[in-house]
Amino acid sequence: MISDDIILSTDKLAAGYALSGGREYTVLENISLKAKKGELVVLIGRNGTGKSTLLRTLAVLQSSIAGNIYYAGKESSQYAISELARTISFVSAGNVRVQHLSVRDMVALGRHPYTNMLGRLRLNDWNIVDDAIQKVQADHIAGNDIARISDGERQRVMIARAIAQDTPLILLDEPTAFLDLANRFEILRVLSRLAAEIGKAVIMSSHDLHLALQVADKIWLIDEGKIMEGAPEDLIISGIFNKLFRDSGVIFDQDSGEFRFAGHYVKTIRLEGDKDIKSITEKALNRLGFRVTVNSEGSGVVEVKKEKGKPVWELDVESGRFTFYSIYDLSVKLKKLVK
Amino acid sequence: MHSRTSILFLIIGILLILLFIADLLTGPVSIAIPDLVAIVKGEMAGEDTHAIMMNFRLPKAITAILAGAALSVSGLQMQTVFRNPLAGPYVLGISSGASFGVAMLILGLGSLFPVQGFNNMGNWAQVIAAWIGSGIVMFIILGVSMRVRDIMTILILGILFGSAISAFVSILQYFTSQSMLKIYVIWSLGNLGSLTRSQLYVLIPSVVTGLVMVFLSAKLLNALLLGEDYARSMGVNIISSRIIIFVSTSLLAGSITAFCGPIGFIGIAVPHVARILFRSANHMILIPATILLGAVLMLLSDMITQMPGQDSQLPINSVTSLLGIPIVIWIIYKNHKISGFA
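Residue numbers (the working numbering), protein chains in the order written: chain C, 2 to 340; chain X, 1455 to 1796.
Honestly, I wouldn't trust all of these hints.
Quick partial rundown of chain C residues pointing at chain X, CB under 7 Å, derived from the structure [stated by the list, open to error]: (1) Ala-86; (2) Val-97; (3) His-101; (4) Leu-102; (5) His-113; (6) Pro-114; (7) Gly-120.
Pulled from the structure, derived: some chain X residues nowhere near chain C, Cβ distances all over 10 Å [as the list claims (entries may be wrong)]: (8) Leu-1462; (9) Ile-1468; (10) Leu-1472; (11) Phe-1474; (12) Pro-1488; (13) Leu-1490; (14) Thr-1503; (15) Ile-1605; (16) Val-1639; (17) Ser-1642; (18) Thr-1650; (19) Ser-1660; (20) Pro-1769.
None of these hints come from the bench; they were simulated from the model.
Idealized CB from N, CA, C, for every residue including glycine.
Here chain X stands alone, though its shape is the one from the complex:
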């Protein structure tokens, strides 16, 4: 490995650790470094401080790392498979599928029950509905991809499918009560901090499984850089590679969306940042680079949501969009001559 690559990995790794600590210290209640040290040592740093750290800050920071890594790396996969620089984790319609599940739950089923009773269910119901929604979309896309030869057809179908679902969700919103609508809108703004520890125990293995699958598909992704014809001629089984790549993307993006709501633009922007910084197209380098950079950017976004000196938080989806869109614009502008992909 080039020494430049090693140094970059080292720098980004250190940055990740620093931002993780900084994120733990950021929030409406001020926690200082000595408090953190005390908690790590197992000493009591004051009951409230300890509870805030263990029940809120730590799960949220871990979620941020998981979300950043998962969304970014699935964006990388989609950009390579579809050979399109604007592809992201949601091109397969996963986000729309999750929205559909949540919308059906909150706006459809929810209107049959009183608001109070619904709130008592906790957000497990939302999570499961989102998971089912994105899972159904994944199976439809997989079914199509086993029959359709042309990968671009799948891209277009995924986008159209997402649009159709969004239209359907809009209709549901129109016919629903205000209080239910509010719950749905809040979900759609995204939230890293709503996870309980037991939910984290579900999210962590899901994301880790997805990431392992991504690492195993690195060689396939390298071959797919040249398009499916070349990949096939080099011995890549196109159908089984589509399955492993689509399943891992759905698992990663679907789980994050289920637990945190839709989070936009990180998945499109981060792979480009990784390519530019590491000057490589090799997925053995790009995959770990994208994972680390995604985690860094998501921790940064999370810190921005907690505006200093204010109790209220900005919605994470808006922050990532406002951070990610300028990066994407810059990339498009910079690459208008060599349009990176065929």
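Just chain C, same shape as in the assembly:
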């Protein structure tokens, strides 16, 4: 039944952790999931739903409470520790800080499962290491001390270390948690290329839904102890995202695939004019509590124009007609109107 492409599958898996006195606390149960070769899977869920517990269970960093995990069709308990290390590699959210360790030596640690007792790397190992560094585009910092590179670079190096470990499955626990937006995009780009071009199964957890929806081949979504599986768009159609963020003041916009604050509109306003700047102006108006209409005037009219190639906003309200040269100035005036 199991095709060769399936790298990871779980059967009625229950994940949780051991409490004192031999008792167990189950966070998630009856999990049956699959991840294929060449897929980037993003595990999402709100804080405390068991993302990390599940990911660590899949990485065999903690033992499962019930059920089975299969790697390439073979049950996890059938693997020796050394064999697992050649099947799964792991990247954590935490910032690894070691002094006097170069980027190249850090990546070389990934060859651990393949070296002899003394840990000596052969020429072939070093080639794999350099290749991994190149895949995350860290060539220019290969000789730098790991303690003296940026957080984003360091996380890329940790991914290179996982690549050097040469496993069909890479598991990453919130690899973008402490990074800024540009670095998050960079990491996800690297990961989706790893899946698409090298054919690895890459599974990462993240609480960054917006980013996940854009790159994931498949999403595992945890909600109320259950996991939904599907392409991002499948989950959007199912309407699960609005359910996910109930009571949180966030609304998922099905059309744009974006989240926004569920601020309620106090007033309406008409918006006209230049097409390019109209949509961004609408966002600003929404933020300020105005519902934008095309026909009824409501509180007034905002017209977007262009003067000598620069945008100008004209506001026509009861108290008069005003011209603004930035959205900020416009918003200051509108805020007064809302009051």
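We have chain C already, so just place chain X on it with the hints.
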């Protein structure tokens, strides 16, 4: 290997040989280089000189090398395993365990016998008591470490355990006679020179076994640099690596403490010096570097204890502390921005 690394090893190696010779020549009775040459050639350099050299100076210099190497390398292991720059050979409570054994012997059992009779037992009794004490602590820590997942819990337990034992030893001291107390205090000051040759024959294989185990764990230690999660994901068996590392540390630090008494701060300071000099985190380099530097620093400390022109000696534990603490302070000060470990 980098040429810089090779040159450093060469320099430290030469320094070790020079300090070893210098240590042999240092002491209340002056022995000159020609005397030493004569002894090495097997010629008689005067009966007293020969006896002093073979029975006192040589065992003491060898002990210094063993103690420096053993304590430093077990400090390196503990710093890597606990990912804590202030961990040392005694964080597992080994020193307290040894003190407990000696305290029970001298202060507990000893108070039942006259002082004279106790002295006749020689220091074998002390050594065995210290060994038993640190051995018991080692087994408790090993038992805990097989059940507890989080390595930091073990670190905290080790420290608390040590404090509890120290408190108990203080109570024993309070209820003991002055003469017995003096014996205990002298033991706790540390002494490199009290070993007989037969004791050296026990210490040497213990330390060598420990060092071999450390070399064999170099690959594990490299993986553990990234923490236990990463190490496990790279195929390291955490339980068996804890066993090999804790047993070797206990064997090294426990034996030295049993024979020489507690010797502080060498184990914390030397691994940092090795990291800074060799600019490496690779244990295949750090282990031999720490062993050599530890031996060098301990020989130097031993020479300082024998203040020139005086018959009396300074306690070795005080000298190593006064040498080691400034090094540790300097390291903390220098690293306050990049806090080396997570």
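Right, here's what the structure says about each hint:
no. : hint     : result
1   : Ala-86   : 3 Å, holds
2   : Val-97   : 5 Å, holds
3   : His-101  : 5 Å, holds
4   : Leu-102  : 4 Å, holds
5   : His-113  : 4 Å, holds
6   : Pro-114  : 4 Å, holds
7   : Gly-120  : 4 Å, holds
8   : Leu-1462 : 13 Å, holds
9   : Ile-1468 : 24 Å, holds
10  : Leu-1472 : 27 Å, holds
11  : Phe-1474 : 28 Å, holds
12  : Pro-1488 : 44 Å, holds
13  : Leu-1490 : 38 Å, holds
14  : Thr-1503 : 45 Å, holds
15  : Ile-1605 : 14 Å, holds
16  : Val-1639 : 39 Å, holds
17  : Ser-1642 : 34 Å, holds
18  : Thr-1650 : 37 Å, holds
19  : Ser-1660 : 23 Å, holds
20  : Pro-1769 : 33 Å, holds
Consistency with the previously given hints is maintained throughout, with no hint failing.
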